[in-house]
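Protein sequence lines, in the order shown, are assigned to chains A and B.
Per the working numbering, numbering through the first sequence is continuous, rising by one, with the last residue being 170.
Per the working numbering, numbering through the second sequence is continuous, rising by one, with the last residue being 207.
List of simulated lysine to aspartate or glutamate pairs, DMTMM-like, C-alpha gap at most 20 Å:
| # | chain 1 | residue 1 | chain 2 | residue 2 |
| --- | --- | --- | --- | --- |
| 1 | A | Lys87 | B | Glu103 |
| 2 | A | Lys85 | B | Asp96 |
| 3 | B | Lys80 | A | Glu71 |
Everything labelled a hint here was simulated from the structure, so no lab data went into it.
Residues per chain, in single letters:
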Amino acid sequence: MSLTGFVRFLRQSLQRLESDFIQAVGLDRSLGPALAVNGPSLLPQPNNSSEPSFLDSIFWMAVPKKRRTIEVNRCRRRNPNKMIKVKTNIEPCVQCGNLKLKHTLCGFCYEKIQKETSLIRRQIQNMEGRPLNTPAVETVVLFENETPGEADQGKRIVERSRKRPSWFNL
Amino acid sequence: DIYQIIHYSFCIWTIRNLRKCKKCQILAPCSQGSCLHTTAQLNTKNWDRKNRIVYPPQQKDEPPRPAEVFHCRRQIKYSKDKMWYLAKLIKGMSIDQALAQLEFSDKKGAIAIKEVLLEAQEMAVKNHNVEFKSNLYVAESFSGKGKYLKRIRYHGRGMFGIMDKVHCHYFVKLVEGTPPVVVQKTPFDQAKEYVEQLRSRTIIHSL
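Isolated chain A (complex conformation):
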């Protein structure tokens, strides 16, 4: 927020308060008659102030009373519930030896399978040509020097020109 704008509205609000106070006490002579008149000195004053704007209602908002000291801040920031907890569920993957979380798949192994899968998908895309051209038959992936077996009759064959990876079981 701009400091000058804030100071400006503070001054305006203070002036308004001061004028209200003076009118309430009755010291304001600007609106009353010059001669002494029997009657209430408090004349009904027109509401010359504008409707309470957002900047005025700021006066009655919750605000910190005192600056929070660095000791108090440190107690809050270094509280054990805010510190990062040490994970105890990290273990090495059996296949590749990289680390993994107990309930999760190994990231390295998943990455390598993803790469192979994307190549197979690209091969399928080349075979199909255009989208929505999938035949209504099962698919089987065959690697180098592999022939379709008995169970693979009537299936669409996707050829991959590499040796069968050890993790891709028949």
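Mind docking chain B on chain A? Use the hints.
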């Protein structure tokens, strides 16, 4: 003429023997880079220079001095307070444990710290005569404030604020050996120590 010669030789003498100290802006006698005022301007990247110290060879009766590697990364795009939590996490851990924790941390700064640790490990093995790369532990690890960029953040009603684009530095010191076991002090022990400290007070100038 004679005055010019005197002036010229005086200039030569001042250039050779007196140097203007950068901090206090006064001429002070110094030779070959040595200076009375050793702490110069603010831009001192001291952590990088710590790797350059070379100790003389140790005698046989001295206890073996473990190898130390200092590494840092400057101007990481992350908050120094948030980075401090990660630095506090890995302080005192062995390097393998630290790398494991950082790998599975969800924080953005964990990636940067992991790279720094791996670089430092490689430096230790290559340049600092460390035999086994797993035989290291994190002795010191902390974050510092980097240089902030300032931008304008627009608020309503024509108000504006200045937004800081925060950056931080990260410093780490790896030491060879197994991490030292830190004895956890219980609150009861702390209270006992406090009471003992109060009891051991003496009144000076008394009978």
